[in-house]
Structures are given as C-alpha cells and as structure tokens.
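**Q** Using the sequences and the hints, build the whole thing.
These protein sequences, in sequence, are chains A and B. Positions 1 to 418 (the numbering used here) are the ones given, in order, by the first sequence. Positions 1 to 418 (the numbering used here) are the ones given, in order, by the second sequence.
Since the hints were derived computationally from the structure, they do not count as laboratory data. Keep in mind the model is a prediction, meaning the values are calculated, not measured. Each hint should be verified, as a subset may be incorrect.
Any copy will do: because identical chains look the same in the list, a pair fits if it lies in one copy or spans two.
[Stated by the list, open to error] Below 25 Å or equal to it, Euclidean Cα-Cα: the simulated DSS-like pairs (lysine-lysine) are: (1) Lys358 to Lys20; (2) Lys56 to Lys42; (3) Lys13 to Lys358; (4) Lys103 to Lys358; (5) Lys162 to Lys27; (6) Lys4 to Lys194; (7) Lys358 to Lys112; (8) Lys304 to Lys273; (9) Lys227 to Lys151; (10) Lys112 to Lys227; (11) Lys13 to Lys194; (12) Lys300 to Lys34; (13) Lys237 to Lys269.
There are 2 protein chains.
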Amino acid sequence: MSLKSVIIDQARKAREAALKLALLSSKDKNSALKAMASALIKSRAGIIRENARDIKAASQAGLPQAMIDRLLLNEARIGQMADGILDIAALPDPVGQLLEVRKRPNGLRIEKVCVPLGVVAIIYESRPNVTSDCAALCLKSGNAAVLKGGKEAIYSNREIYKVLRSALTDTPVPIEALQFIGSVERAAVCELLKLDQQVDLVVPRGGEGLIRFVAENSTIPVVKHYKGVCHIYVAEKADLSMAADICFNAKVQRPGVCNAMEKMLVDEKIAEKFLPGMIARFQSAGVEIRGDEHVCRMIKGLKKAVARDWQEEYLDLVLAVKVVRGVEEAIDHINTFGSRHSDAIVTRDRRQAEAFLKGVDSACVYVNASTRFTDGNEFGLGAEVGISTDKLHVRGPMGLAGLTTYKYQVYGSGQIRV
Amino acid sequence: MSLKSVIIDQARKAREAALKLALLSSKDKNSALKAMASALIKSRAGIIRENARDIKAASQAGLPQAMIDRLLLNEARIGQMADGILDIAALPDPVGQLLEVRKRPNGLRIEKVCVPLGVVAIIYESRPNVTSDCAALCLKSGNAAVLKGGKEAIYSNREIYKVLRSALTDTPVPIEALQFIGSVERAAVCELLKLDQQVDLVVPRGGEGLIRFVAENSTIPVVKHYKGVCHIYVAEKADLSMAADICFNAKVQRPGVCNAMEKMLVDEKIAEKFLPGMIARFQSAGVEIRGDEHVCRMIKGLKKAVARDWQEEYLDLVLAVKVVRGVEEAIDHINTFGSRHSDAIVTRDRRQAEAFLKGVDSACVYVNASTRFTDGNEFGLGAEVGISTDKLHVRGPMGLAGLTTYKYQVYGSGQIRV
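**A** Here you go:
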C-alpha cells in the first residue's frame, strides 16, 4: 500500500473505532487506561531497548545534550508515564455531562450534552512520553487518537504505541482507537492533514515551524499551541518586593517553558527604585538583560534590545526589559507584541488591575501572581494536551474538556413546525 | 492603495476597534444597535434606490425569479431588518458572564470569563439582510465585523453598510468596528483569509463552493455551515400517524432550508404498512420520490435513487427513501452519508431512541419531532449566524455565545511557583 492509502486506512479505522468508543462508560474507558499503565511497567525492558536506538542515533547526529536528555527513557521515567495514565484515569469524565436543558413552549425538551470530538490527530516532536500522555487523554475523553511523533524518538514512540495498543486487546476499547503514523516523512503529515472527513481535530505540539506548517496545510480544524511571549507589568502602585519575587520566579524557576516571563514592563514612576536591584538579582542568576533605551540609559553596560526582542520567545535565561508610561501603554504593548498566552500585572491598585485583566487580550491574565501557573494541573483541570493560544474552541490549558464538543438531544412528542 | 493594502488597513482598524468594543457595557452596545435600527428606517428610500440597481442587474443577467425575489428590498423588508436588530439588542449579553470560578489551595482565584472573539469576518452570498443581521450579532457580542457580501447584492449591501456605520457616529461603539469589503473580486476574499493576525474567526455563509473555498484558503479559523442532509428514521415501534406528520412537515413545510428532511429511512418491519400512504401523500404535495431497490419493488413507478442521492442536499421537493433493517443500520447510514446537521428518529421505544440519540454523530438529534426545529430562535438562543456543522467551538445554531470565547482572570497575592 502507498503511504497515502496506509494513512487513509488508519484514519478510517480510527473513525469507526471512535463511533464505538463514544458509547463506552467511564468505567470501561478507565479499565483500558489501567491496562495501558500496567502494560508500560511490564514492558519497560523492551521500551528501554528501543529507546537506546534513538539515543544512539541522536548522539551520532550530534544533537545537543539537553535534547538527548529529553529523549532518554529509564525505569523511573516509564514509571512516571504509567502514573500519568493513572492520573488521567482518575480525572472526572466530561463525556455525557448535561451542559444545559431547555424546555420550549411547544413542549420540546432540548438537552445540550458533552460528547467526544471523534478522531483527534496529535503531531508532536521530541519527548516520547507525549505518546502515552496523549493516547490516555484522547481515550479518556472518548476520542480515537492518531499519533505522529518526531523522527528523533521514532523507535521509542513506536514501541510505546505497540505496548499501549496491545494492552487494549482485552478491554472494551477497540484497539483501532489508537493509531500511530510510522512514517517519519513530512509527506505523511501532509496526507493526514487532508483527511477532514475522518479526523475532527489536529493538535500540533512542537516548535513554531511545525505549528505553522500544520496550520497552513490542514483542512482539518487546528488548535494551536504557539509560543508564550509572557509579560509582567510592574505598575506604579506595585508592592515592589512582591513584584521582584514574582518576576524572578517567572523568569528563573524554569526558563525553558512557555509560561515563563520573557518581557518585563516597568512603570516609569518606579523604574529608578525598582530596576537596579531587580536587574542585579537577575544578573546574579545568570540572566542576560536586554533593555530599551530608557533602561540602558539608567543602567550602564546592558545589551540593547532590538525590534525582534519584543516578539521573541527565548525559552532561556534572557529577558527584555522596557519602561512604560502607565497601564494603557503596558496593555497596548502586550496586545501588539505578545502571543496571547499569559501576562501579569503587579499592583495594589484594584482599578488598574481590572483595566489590565479586561484590556489584555490573552488566554490567562494575572494580578499579583507568577505567569508560571498557566498549567492544567495548577488550574485544577488535570493533565493537558498543551496551552492553546487560539481563541476558538479552547483557550489556555487544554485538558479533557478541550477534547470534547457537544450535541443537542431533542425530545419531542410529535412536534412539527408551523 | 492596492486591494491588498486596503483590506489589511480595514482589518487593522477592525482589530483596534475590537479592543475598545470589548470593554463596552451591554447598555452602550444596545444604544448603538438601536441607533442602527432607527437609521435603517430613516434611510429606507436610499436603500431601496440602491437595491433597484441590484435588481436591474439581476434581471439583465437573467437570474432566476426566486433569486431576484430574495434580493428585493422594500419598506416592509427593511422594517423587518430593523426589527431584527432590535430583537438582537433585547437578547441577553453573554460577554462578562462568569463561566467558572476555581479557588486553588495556594489561594489563587481563577475566574473563567466570557469575552468577545475580537474580529469576525463574515463572507456571504445572496440576501442583503445578512449585512444588518451579522453586523448586529457581531456588535452585540462585542466583536468588530468585517463583512464581505456577494456581487449580486453589492449596491444594496454597500448602502446598508454606509447607513449602519454612520449610525455609530454618536454612539459609544467606534465606527471602525464595522468594515465592509467593497470589492466583489474573489481576490479580495483571498487577501482577507490570510490576515490571521488581525481576524479571529471567519464564517462563510453560502453555497458549498464558497464554504469549501474559504475552508481551503484560510489561515484564520473557520466555522463552517455546510449543507443539511437531514434524515428521519421511522422505526419499527413508531406511532405511524405521528411519523407521517413529522416526515411530511420536515420535507414539505419549507423545502429550501438546511433543516428540511432530505432522506427518509423506514424500518423494513413497518415499510409495507407505512410507505404506500406516506408516499402518496408526498406525491400529492408535489414531492418527487427517489427510492432504493426495496422501495421501488414495493411501489411501482418511482424514480430509482442513485449513489449520489444519499449525500445530496436537494433543497427542493425531492426526497430519497430507503428501507433499513433496524436502528443500527439507520445510525450507520446517517453517520456514513449524512452531513452532521439534524437527524430524527420516530419511535415509542425508549431504548432505541437513546441508542439513536447517542449513536448519531450530528449537531442536533431528535426523537419524535421534525428536524425543522434546528434554528436559533426555535432553540431559544435568539438570532443566529447560521447552523454550524463543525464540531469545534460551536455546533448547531450559532448565536451570540458562538461569537464569544473566554479568558482566565487570575487573582493572586504574590503566589510564585515552587
């Protein structure tokens, strides 16, 4: 079979399986998840053996050590993957939830009920634990999953998929509800992205290049998890010691993630008081500061920010700092250069806080807290597929509910339209 | 300015206006809607004069009389447009609604709040009242609107737009919140569909060709309102007299709309009893019947359905009829050939009804009622942009809530991530 027919065949089988999966109870789905978790533990040796092939290839290709570390699987990490599946099994099942009931004057009873999307394709790069996380999230929410991992983890992903799929054999979940695109060619992604009759949603997880490619080539609806160019605005009325702790946490605690602060905006009225100490603290933690003109005039020896600094997601110990004249300019800057992910204001002024919360057009807007809390578990939503920077369907942490839709179930007694 | 720069400029102005519009109260938005309604009434003469140019062009181009009728505006129809705007003003405003509150163990208070999408583009064909309906729905839900009508109604649409926009002058709604693409070139649509940085949603309203074109060329998220290939399945345990009335209503009451029945599925166990009378009743109302083999064997002289009959939306007094062996085959047929719009079962058997409601993968699934109720007003949701056959973001009638999204507003007291 050609690559194209293999993928069409997989998508069709996934759609058939999805129609069955949608009818299963939470108990049935959870029993399948538990079987998947046990199978991972039982099959650790085989997974580690296949992972070694990816690690070897990565070393030979001269990939950076940080990336090789992310690829590596050992007993502890496989244990975490299994625990992750059990955590998802323990989450409440959104499917079947009655979202709204309307009783109409003509006697029709209209129920709006949560149902699975159907078939969800996830196209991801890098870490192999995504294979088990996403499989579990999709099955728990009643969706068939079509998974396509990156070539760096191809052996690990394929083995994890085999283990998870064969674990479904004696469960109520049809094994065809899990599909894995074995080809590492980008052509495989292109074929997949055309199957809008079979696949209901595609989620790209990875770098900007992958996400753009998927968004531009897909006729299937896409939920994008773009970059996080997160801002913190330290306002005139901020508690400056709180502001310093929040900014330090948001930049330094884990700089490589999408909810880390990338830009710090400081009100001109407190800049002289706040910035010298704050910047010294950042520098002693190894953070490279890129200042606007005002900041560079105030503190000598800093690198000057250039235009692209205001839009770039560094994912590293680098921070652009700008002085602004009040909350309006802060909001305007964030709406112009931000990525609609997570932004915060530090202030004791309630009216300014409200203006910021309402005016900033981002998924998560904070008052007096670190942007690092944008996360499914921190929000109390459970494990997530990612953080959506889109506005349609799901915004911010995309947990189980983000993998569902609804239908209207209408109960009549012979009503006709007059 | 080139076509491209004109459209980019309009989209930018719409985005700036949207950020202001999002902050307005319901009262402010309603006052603008009322001004728009009054302006339509006051400017009737001018609108009718411009409409005459469209009507003349349509006659000269030899458009069918039914289409010319749809284009025609007179005092009564303009009055209905104004009333439509006032009805929208009277609807509850979804914006600002608190959808969920979570208090986290670390003291963070997370509010999920309904907010406008931002900028909504609507690309439509045919009837000029869409210009005022969509403008009103967008503004009421706090969105800027970029409207692009069809060339048949270009003079009418342009005049209505001018009237509505100038009505905004003395209201709190910025006039730039309404934009109208004056070019009738498809190239204008192409330029618009690339502006994913400015436009948050595009809704194509029109024939399948327009919708496919938009879906395939847009990098902006699209909500599609595809065809309605609606089924009614008359089950073994149906009240046959109720079934006959429901089917007749769903086919005949208004055959040209998307929620009209296009296919009737009849259980083999009651086919002999039900079909002869039903088909005679349809035929006496001028409905052309296209039967499957079973039906054509049973009733002589019927046209035989061919493969494409099962997927076609006739929008006319034509009906394809098929005999099926039970609810499973009915569900399977609908999920294979339907358009995920509206489908019904007529039965007194509760278990079969539940199986149908759960198993049919459509936006609206009915028991013992006509599919003709799929409509924003009939559902109690108010006026609608259309009926979404997509699963993401909004499914079924797309009213004001379908034009909104949410954001998380997080209140802290210095929380940092550990």
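**Q** For every hint, state whether the structure bears it out.
**A** Evaluated hints:
1. Only between protomers do Lys358 and Lys20 lie at most 25 Å apart by alpha-carbon distance; the minimum there is 10 Å, versus 43 Å within a single protomer.
2. In the homo-oligomer, the alpha carbons of Lys56 and Lys42 lie at most 25 Å apart inside one protomer (24 Å), although the nearest pairing across protomers, at 77 Å, exceeds that limit.
3. Taking the shortest alpha-carbon separations for Lys13 and Lys358, only the inter-copy value of 20 Å comes in at or below 25 Å, while the best intra-copy value is 45 Å.
4. In this assembly of identical chains, the alpha carbons of Lys103 and Lys358 lie at most 25 Å apart only when taken from different copies (20 Å versus 34 Å within one copy).
5. Taking the shortest alpha-carbon separations for Lys162 and Lys27, only the intra-copy value of 23 Å comes in at or below 25 Å, while the best inter-copy value is 59 Å.
6. For the homomeric pair Lys4 and Lys194, the shortest alpha-carbon distance inside one copy (10 Å) is at most 25 Å, but the shortest distance between copies (28 Å) is not.
7. Proximity of Lys358 and Lys112 under a CA criterion of 25 Å is satisfied inter-copy only: 12 Å between copies versus 29 Å inside one chain copy.
8. With identical chains, the CA atoms of Lys304 and Lys273 are at most 25 Å apart within one copy only, with a shortest distance of 20 Å there and 85 Å across copies.
9. In this assembly of identical chains, the alpha carbons of Lys227 and Lys151 lie at most 25 Å apart only when taken from the same copy (22 Å versus 40 Å across copies).
10. For the homomeric pair Lys112 and Lys227, the shortest alpha-carbon distance between copies (22 Å) is at most 25 Å, but the shortest distance inside one copy (34 Å) is not.
11. Taking identical chains as interchangeable, the C-alpha atoms of Lys13 and Lys194 lie at most 25 Å apart only when both belong to the same chain, with a minimum of 16 Å there against 34 Å between chains.
12. In this assembly of identical chains, Lys300 and Lys34 lie within 25 Å of each other by CA distance neither inside one copy nor across copies; the values are 59 Å within and 58 Å between.
13. Proximity of Lys237 to Lys269 under the C-alpha cut-off of 25 Å is restricted to the intra-copy arrangement: shortest distance 9 Å within a copy versus 77 Å between copies.
Hint 12 from the earlier list is the only one contradicted by this structure; the remaining hints agree with it.
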